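Please build the complex by placing chain Y with the ligands on the supplied structure of chain Z, with the hints as guidance.
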Amino acid sequence: MGANVEGEHGNEHHRQFRAIQRWSGMVGGGALAVYGLTRRSRSGLALAAAGGLVAYASSKIPCEGMEAEARNSVVVNVPAEQAFQFWRRLENLPSFMRHLQSVTDLGNGRSRWIAFGPGGTEVTWDAEIVQERDNEMISWRSLPGSEVEVEGSVEFHQAAANRGTQIDSKVHYKATKQWLKALLPTILGRYPHFAVEQDLRRFKALLETGETPTTEGQPHGRRSQLVGLSRVIDPNQPRKPGSYERALEGARRRA
Amino acid sequence: MKAVCWMGREKISVENVPDPAILNARDAIVKVTSTCICGSDLHLYDGYIPTMQQGDILGHEFMGEVVEVGRGIENNKLKAGDRVVVPFTIACGKCFFCERQLWSCCDNSNPNYWIAEQLMGYSPSGLFGYSHMMGGYAGGQAQYVRVPFADVGPLKLPDGIPDEKVIFLSDIFPTGYFGAVNCNIQPGDTVAIWGCGPVGQFAIRSAFLLGAERVIAIDRFPYRLRMAKQAGAETINYEECDDVVEALKVMTGNIGPDSCMDAVGMEAHGKGFLYLLDKAKQAMRVESDRPIVLRECIQACRKGGVVSVPGVYGGFDDTIPMGAFMNKALTMKTGQTHMMSYMQPLLERIQKEEIDPSFVISHRVPIDSAPQMYKIFRDKEDQCTKVVLDPWADGLAAA
Ligand SMILES: NC(=O)c1ccc[n+]([C@@H]2O[C@H](COP(=O)([O-])OP(=O)(O)OC[C@H]3O[C@@H](n4cnc5c(N)ncnc54)[C@H](O)[C@@H]3O)[C@@H](O)[C@H]2O)c1
Ligand SMILES: [Zn+2]
Ligand SMILES: [Zn+2]
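Those protein sequence lines, which keep their order, are chains Z and Y. Quick note on my numbering: the first sequence kicks off at 1 and runs consecutively. Quick note on my numbering: the second sequence kicks off at 1001 and runs consecutively.
In isolation and in its complexed conformation, chain Z is listed as follows (with noise of 0.2 Å):
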């Protein structure tokens, strides 16, 4: 990722890469989970923690560099009209993308986007839509000036088979200033892939069952210090740079 692998050598590359980082992970990583878990100890769980790391980080790849790109799919189980309208609806993207608070329409194409910034700030920019088909497509950009230059399209085909709706999203978010390239894992996720992969899943769920599931709230007995590493490394969570690796150091102190 990070600055412009494109073409198609790039693509071929990457997908490689991306093979056999998941598999070489799953399988390292998945047994140093099972195995930490069904250990007794302190440094079991810590093991299982770790191990849970390795698996879940070796299929993405990090956000670094001054640009991320990120594009994903899914076929949602409604027809193509009633997926572009909600899409359409710019200020219902955040109940399904968690890295915005808020899109206001400003009217003209126009609309004001918010997104979680470092730190509980806030990034803000203006965007224009720049192309769009009824139940087909959408294209939109920022407007010029914008300190992170955004750019994002969504494509809307029927599936085969009359399984709904294939949605295709692509995203990318360019730093205009050096000092500006630590907002994009904070805006996009340290894994952009997997951001608009999760972005794409619930706006699945959100579309074939009015909601997302979740269990955020729930009740739960008392949980032990290493649950909240678990709790950091949970990609729903906006994170904080640097949080994740932090919350790794403390938890290899304490085992």
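If you are wondering where the hints come from, they were derived from the structure by calculation, not from laboratory data. What you are looking at is a predicted structure, and each value in this text was computed from that prediction instead of being measured. Wrong hints could be hidden among the right ones.
Claimed, not checked - According to the in silico footprint, chain Z covers these stretches of chain Y (three or more CB under 8 Å from chain Z): (1) 1145 to 1155; (2) 1291 to 1302.
Stated by the list, open to error - Distance windows between CB atoms, simulated: (3) Y:Tyr1275 x Z:Thr121: 58 to 68 Å; (4) Z:Arg222 x Y:Arg1100: 56 to 66 Å; (5) Z:Ile114 x Y:Asp1318: 49 to 59 Å; (6) Y:Arg1364 x Z:Arg222: 38 to 48 Å; (7) Y:Gln1101 x Z:Gly217: 25 to 35 Å; (8) Z:Glu136 x Y:Gly1121: 22 to 32 Å; (9) Z:Arg133 x Y:Lys1079: 43 to 53 Å; (10) Y:Lys1079 x Z:Gly217: 37 to 47 Å.
What the hints assert, rightly or not - From chain Y, some residues computed to sit far from chain Z (all C-beta separations above 12 Å): (11) Asp1242; (12) Leu1277; (13) Gln1383.
Where is the CB? At the ideal position from N, CA and C, for every residue including glycine.
Below, chain Y with the ligands without anything else, positioned relative to chain Z:
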């Protein structure tokens, strides 16, 4: 409220925790009147299912009374005051898989789908009280429980029919039945069933209901084999015979059972070299399961027959006789049970008195006894077959 919590391997404690609340529009809160310990919970107890966290509330077999519903639930579907039994699989009712009645494969009910995908490629549905990989939902061994997509899963019950006759519609009766359905039983068939635990017991009775002529049940505990006999099964005590596959061959005139069911799963017990090897590998965490019974099922099955696997497996298994499986042209069917397809028809069978599921209960205890009962059930002490917990009985105070 009181809730049974997983605090680590072989560590269970009854804790005081906050009451659950509605989190989504299609949620309901159920006040639990009866809840059970399942053989599947033993895999958690023994620490073989990854992604459990200290403090997780256990339990996926429960029933009770609806006390609150979210605003997304229509009144004619479910309302406060309804008496329900809740299936252990959580399904949205709207996705590709739910539309095809593959309820335990629901695409929208596991918020942690990405962990399961690491292990399995795609994620099955969320389950109550069964690890974070399977959704991390708080379970039903508690006084109250939150039920997501409550307009799809819970089955409304008529008044008058006691809990003990319908509680097992939450899992093991449909699971035994599903195991038998997967055997594709034809009139006159012989079905061999490994494991005479609660799942095996319901599988034996279901196989007869579905037209099997002979059922051969395999276990090592005489009291469980006795219960199998009471249903009309022939039995094999595998500790008293040298070779189960050979014994089945003799009993079926050298043909083999038409279908073989593994109602034991990943923690099978056994003897001989392969068992010791599996145990060692599992202890060293290089193999996640002990697939002794699965191997025997494949070896014993007649050519062109079916292997049905309701027993739960967790990860990666060694020395599966793939050659036998392929060359004998076998079919394997498995899965967490597609609960919603079987609950209503099985309730009708109970109402018609074709079966009284309460036969399987050996212990009725207050929820406070859960920590001891996990151990007793795991070690098959005290002739234990099935434990029903009463969340409201006056026991000791929660820890
Ligand atoms: N597929 C599903 O949806 C589903 C649902 C519920 C339970 N299950 C699974 O079904 C299995 C059985 O559950 P249960 O509640 O009956 O558990 P249980 O522990 O009470 O019963 C298991 C039985 O298998 C016997 N056994 C062990 N090794 C054996 C061997 N080598 N040969 C023959 N028998 C052997 C044991 O003696 C015991 O009686 C578990 O793996 C459980 O996780 C699956
Ligand atoms: Zn169960
Ligand atoms: Zn579904």
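* Asked: Can you list which hints this structure breaks, lowest number first?
  -> 2, 4, 6 and 10
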